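Peer 1: Sequence:
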Amino acid sequence: MNANLRFDRDGALNVIKDTLIKVFLSGECGAIDYMAISATVRQSTRGLMHEALNRYLRQFISEKAAKIGALTTPVDRLLEYKSAWKKFKGCVMDTDRIFAQYKVHEFCMAIWMDEMFYKMPWVIMDSAHAVLDEEDGGNDLVKVVTNSLLEMMGIGTVPETTKRRGKKRRRTSCPETPVNYW
Numbered sequence: 045m046n047a048n049l050r051f052d053r054d055g056a057l058n059v060i061k062d063t064l065i066k067v068f069l070s071g072e073c074g075a076i077d078y079m080a081i082s083a084t085v086r087q088s089t090r091g092l093m094h095e096a097l098n099r100y101l102r103q104f105i106s107e108k109a110a111k112i113g114a115l116t117t118p119v120d121r122l123l124e125y126k127s128a129w130k131k132f133k134g135c136v137m138d139t140d141r142i143f144a145q146y147k148v149h150e151f152c153m154a155i156w157m158d159e160m161f162y163k164m165p166w167v168i169m170d171s172a173h174a175v176l177d178e179e180d181g182g183n184d185l186v187k188v189v190t191n192s193l194l195e196m197m198g199i200g201t202v203p204e205t206t207k208r209r210g211k212k213r214r215r216t217s218c219p220e221t222p223v224n225y226w
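Be aware that the sequence shown starts at 45, since it is given in the working numbering, and climbs by one per residue.
To be clear, the hints were calculated from the coordinates, so they are not data collected in a lab. Check each hint, because a few of them may be wrong.
Here are the computed lysine to any residue pairs in the SDA-like style, where the Cα-Cα straight-line distance is at most 20 Å [as the list claims (entries may be wrong)]:
| hint | residue 1 | residue 2 |
| --- | --- | --- |
| 1 | Lys126 | Arg90 |
| 2 | Lys66 | Tyr100 |
| 3 | Lys133 | Lys147 |
The structure displayed is predicted, hence computed values, not measured ones.
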């Protein structure tokens, strides 16, 4: 790493951007890249790294949301969401390793929720409602949306099978307002 790097908002983003692009676009981060970026993250301040990560993730996720929103059918939107969500979860695990001392997993999930569900609610939620109304077996796609919301809130996921033999289902209470991590 360059010893003359400026650790301000733009400098912090420039330092981590190349590695984050490798993680989020190709899904790979080599050992040399990982060690270099981890050392840089340890040398900088938490606030600057959170700001840089926040800026990168918001841009990345809003581009994904726009791509999903550009699709014409609800099923296509949910299929693309399913693919993007699966890839994002893996990338967040890698990002959490890079920023190990900052514990950014929940931070990344909160940004995903904000960009996908609060800023563009019609993209995913309306598609899920439309798929449910069609009753063409789209329950698996709606389940992906439900599971992603539950994971972002730290509650867990919907079980694969639920036995209802005389037992009432136990409800898990969900917070009415989103948790703000930043």
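Peer 1: For which of the previously enumerated hints does the structure constitute a violation, in increasing order of number?
Peer 2: 1
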